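Asker: Following this note's numbering, the numbering of the sequence shown begins with 644 at its first residue and continues without gaps.
Possibly wrong hints are sitting among the right ones.
[To be verified] Derived DEER-like restraints, expressed as beta-carbon distance ranges:
(1) T880 x P691: 18 to 26 angstroms
(2) R771 x R657: 56 to 64 angstroms
(3) L655 x Q849: 26 to 34 angstroms
(4) V727 x L843: 44 to 52 angstroms
(5) A745 x M667: 23 to 31 angstroms
(6) F789 x I868: 16 to 24 angstroms
(7) I660 x Y892: 23 to 31 angstroms
(8) E718 x G907: 40 to 48 angstroms
(9) L716 x I868: 43 to 51 angstroms
(10) V727 x Y892: 41 to 49 angstroms
To be clear, the hints were calculated from the coordinates, so they are not data collected in a lab. The model shown is predicted, which means the values in this text are computed figures rather than measured ones. The beta-carbon is built from N, C-alpha and C at its ideal position, and this holds for glycine as well.
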Amino acid sequence: MKPIFVNQSSHLTRLLIAVVLSAMFMFADHKGQHLNTLRNFLSTFLTPLVYIADLPGELAFWSGDRIRSRDELFEENQSLKDEVFILRTQLQKLVSLKAENAQLRNLLGTEQKVEGRRLVAEIINVARDPFVHEILLNKGTNHGVFLGQAVLDAYGVMGQVSQVSMLTSRVLLITDPRHAIPVRVERSGERSVALGDGQLDNVTLQYVRNTADIEVGDLLLSSGIGERFPDGYPVATVTDVTRDPGAPYAKVTAATEAHLARTGQVILIWPDQELDLTTEEPAELSEQSRSQESHSQNASQQTSDNNGGGGL
């Protein structure tokens with residue numbers, strides 16, 4: 644015998660309810676960012692699934708690496724030895740340049756700086772959408788990663804952290820149309836903004852004057868404006884410059900220095916921190932420095948008073 648009352652909601656009603664709920668959640672998240680906590684929790688919860696999905700590829704890579712012939716390993720070992728030798732010779736030059744830079748800083752009276760913290764991370768996932776250029780790293784807030792942090796590989800700037808959870812972080816690459824980075828031309832010092840054009844390994848420069856001193860082959864470096872990316876890191880190399888007399892700006896295209904599609908490891912960097920001289924000097928020298936600084940300030944104040952303020 645069939646029951647009289649049976650709950651038989653149609654598939655169309657269920658679909659309509661799901662669409663309405665999805666629209667409500669999307670609207671609430673877009674207007675007030677109320678779902679960030681839930682998104683970060685789900686991202687942390689789904690991290691094991693990402694590792695499981697990546698496991699077949701890791702196994703294939705591991706097995707292929709193990710069955711390589713002895714001759715290939717010997718050749719690779721010899722090539723790495725030669726590369727280490729070359730890098731060591733280059734390092735000797737860098738050491739001398741670093742010492743010369745320190746001497747110049749002392750002559751100019753500027754404060755010496757030390758490099759900030761660095762952290763190596765691995766790419767565990769890549770966005771499948773061809774219109775979204777993002778990667779997923781295996782480092783998160785537990786490792787000190789923060790929103791907006793600059794990300795590089797061994798060749799140049801890759802992008803910045805756009806989303807972070809406890810164990811993972813998502814990076815927006817410089818080729819994404821939503822990304823922009825201030826740059827300067829190494830040769831001439833011309834400044835511009837490199838904007839992602841949606842094509843992997845390519846960026847375009849915005850608002851470049853037709854008379855700007857920029858040519859094909861020029862190297863673009865991060866300018867440090869905005870303090871999001873440190874100054875002086877390679878970003879791209881100019882590949883095409885089109886100047887139209889009837890247009891207010893020239894069209895400049897550049898190829899990224901970073902190997903966005905071929906790298907497996909990246910470097911997360913923290914802002915450079917000034918060297919605290921009080922931790923390096925004995926207490927007597929620190930006290931002497933403070934007394935000299937106080938004496939200099941008093942002398943400067945007396946000179947200003949004698950000149951009547953010296954205002955322009």
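Asker: Evaluate each hint against the coordinates.
Answerer: Now for the hints, and whether the structure bears them out:
no., hint, in the structure
1, T880 x P691: 18 to 26 angstroms, "violated (40 angstroms)"
2, R771 x R657: 56 to 64 angstroms, "violated (27 angstroms)"
3, L655 x Q849: 26 to 34 angstroms, "violated (48 angstroms)"
4, V727 x L843: 44 to 52 angstroms, "violated (31 angstroms)"
5, A745 x M667: 23 to 31 angstroms, "violated (60 angstroms)"
6, F789 x I868: 16 to 24 angstroms, "holds (20 angstroms)"
7, I660 x Y892: 23 to 31 angstroms, "violated (50 angstroms)"
8, E718 x G907: 40 to 48 angstroms, "violated (21 angstroms)"
9, L716 x I868: 43 to 51 angstroms, "holds (47 angstroms)"
10, V727 x Y892: 41 to 49 angstroms, "holds (46 angstroms)"
Of the numbered hints given earlier, the model fails hints 1, 2, 3, 4, 5, 7, 8; all others are met.
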